[in-house]
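Asker: What follows is each chain in one-letter form.
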Amino acid sequence: MSSAVYDKVKELLVEKFGVAEEEVSREATFSDLDLDSLDLVEFALAAEEEMGVRISDEEAEQLDTLDDTVKLLEEKGAAVEGGA
Amino acid sequence: MTTDIAITGLGLVTPAGIGVDASWQGVLSGRSAAAKDPNLAGIPIDISCRVADFDGNTMLGRKAARRLDRFVQLGLVAAREAIADSGLDPETWDGARVGAVIGCGMGGAGTWEAQHTVLLEKGPERVSPLLIPMLIPNMVAGHIAIEFHANGPNLVTATACTSGTTALGVARDLLRSGACDVVISGGTEAGLTPLSIAAFGQMHALSGRVDDPAAASRPFDADRDGFVAAEAAGILILERAEHAAARGATVRARLLGYGASADAHHITAPDPDGVGVGLAITTALADADVTPADVGHINAHGTSTPLNDAAESKVIRRVFGDDAPPVTSTKGVTGHSLGAAGAIEAAFGVLTLQHGRIPPTANLDKQDPEIDLDVVHGAPRDGDVDVVMSNSFGFGGQNGVVVLAGP
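If you read the sequences in order, they're chains Z and V. FYI, the numbering used here numbers position 54 of the first sequence as 807, with every residue one higher than the one before it. FYI, the numbering used here numbers position 246 of the second sequence as 247, with every residue one higher than the one before it.
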């Protein structure tokens, strides 16, 4: 179950956050990936930079799995270059 | 009777090499590590002594390295080597009895500058939440505590270019007072950023030999014109001698004495009369319970600035008289690593005691006639050395001196 936004999230986690590619899945939580609250804020900044959507601090606090994250980004109209 | 302090582990990440052996061989070679620095392009003084092959992503993992400024990365790699060298096992030690005291002059200057650019170009809402934990200088001791379960007293000393030596002195006090059995000590610095090097340049503290970087750091030479900035980390494991003996540890050397003082003279210029430096030296000798004649070698502060080397040599002559022991400045090879300098030079002092070799001072082609000292140059000088003194002096007028002896 792939999507342009999911692929972009995965790329960010692997390239920018140094997460091992095989650890990334839709079900994985940020805590599974050993990312803490400071990383989450960084992730929100990176998402804004790369996909042009703003995740508020309140929204970031609620994020659990990557699936939640991808859905939130898609709802907000995340734009991924080369994506559908 | 004072507590004997054993040095049971060393770790070095310096421009002369990564690891104790590589650094020591690099320093013995007498070849300067200074080179053009692409990260300083556009800055008038675009040379430095970097740890060229150091890659935090490979050595610490990309995930961990991303959250660590380079000064912490260097310090952690040196700490891993030092702890492995000591034979101590952080998995089983009583962490409450293990302290960490590390010197650092600047903290995460590179992170600070990069995030300041983000602030100006993208605004405050893009500034990284990791800026503060990456910037603050005490974080190197914090990360060492986290990685090695060291729950004892934990701090960073900031006395500019004396920071690494001050750290060894504070560590010694924690051992003498009985607060700790083991202290992970030393210094780290990674401030080779455009802003800080531009600023050192504006002070006229740096060598201007940008077209011949390998000849730029030349302590005690008549044609010296400033220091070459460096990055480095040096970690020494200090341990109560009884603690080391009880576990059958190999003792590399002993920390016999420490002396500290302030010039109380000027923010950056050394006191030409060297009163503060003399006080630090005589205090360290008295603390070590040795006479000047007992000292077999001095690893000088020897930055390669006209003022420092002249002032330091005068004080050495005053304290040691006509029989001053052979002096070297390893900064000819390594450059000046600021807050790490005292730690890496104390480590070189330990290695001199162990191997009976005094490293040469690089680039000493024509000794300044004002410097009336036996400066080792050309090749290492071999022969038993029983006691080594290592000097450090910092902007702010802070002076620190350690006296080391064989086991």
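What the hints contain is simulated information worked out from the structure, not anything from laboratory work. It cannot be assumed that every hint is accurate.
[What the hints assert, rightly or not] Each computed BS3-like pair below joins lysine-lysine, with the alpha-carbon atoms no more than 27 Å apart:
no. : chain 1 : residue 1 : chain 2 : residue 2
1   : V       : K37       : Z       : K763
2   : V       : K315      : Z       : K763
3   : Z       : K763      : Z       : K829
4   : V       : K367      : Z       : K829
5   : Z       : K824      : V       : K37
6   : Z       : K769      : Z       : K829
7   : Z       : K769      : V       : K64
8   : Z       : K824      : Z       : K763
9   : Z       : K824      : Z       : K769
10  : Z       : K769      : V       : K123
11  : V       : K315      : V       : K367
12  : V       : K37       : V       : K367
13  : V       : K123      : V       : K64
Asker: Each hint should be assessed against the structure and marked as holding or not.
Answerer: Against the structure, the hints come out as follows:
Restraint check: the Cα-Cα separation between K37 (chain V) and K763 (chain Z) comes to about 38 Å, which exceeds 27 Å; the hinted pair is violated. Annotation: proposed proximity of K315 (chain V) to K763 (chain Z) is violated, straight-line Cα distance about 63 Å (limit 27 Å). For the given pair, K763 (chain Z) sits about 18 Å from K829 (chain Z) by alpha-carbon distance, which is consistent with the 27 Å threshold. Proposed proximity of K367 (chain V) and K829 (chain Z) is contradicted: the alpha carbons are some 70 Å apart, above 27 Å.
Distance hint between K824 (chain Z) and K37 (chain V) is unfulfilled; the C-alpha atoms sit about 49 Å from each other, more than 27 Å. Simply put, K769 (chain Z) and K829 (chain Z) have alpha-carbon atoms about 22 Å apart, close enough for the 27 Å limit, and the pair holds. Simply put, K769 (chain Z) and K64 (chain V) have alpha-carbon atoms about 9 Å apart, close enough for the 27 Å limit, and the pair holds. Using a Cα cut-off of 27 Å, the hinted pair K824 (chain Z) and K763 (chain Z) holds, with the two alpha carbons roughly 14 Å apart.
A hinted pair counts as satisfied when its Cα atoms are at most 27 Å apart, and K824 (chain Z) with K769 (chain Z) qualifies at roughly 21 Å. Taking the CA atoms of K769 (chain Z) and K123 (chain V), the gap is near 18 Å; set against the 27 Å cutoff, the hint holds. Between K315 (chain V) and K367 (chain V) the CA atoms are separated by roughly 18 Å; this keeps the pair inside 27 Å, and the hint holds. Restraint check for K37 (chain V) and K367 (chain V): the C-alpha separation of about 24 Å stays at or below 27 Å, so the hint holds.
At most 27 Å may separate the alpha-carbon atoms for a hinted pair to count; K123 (chain V) and K64 (chain V) meet this at roughly 25 Å.
In the structure shown, a violation is registered for the earlier hints numbered 1, 2, 4, 5, in ascending order.
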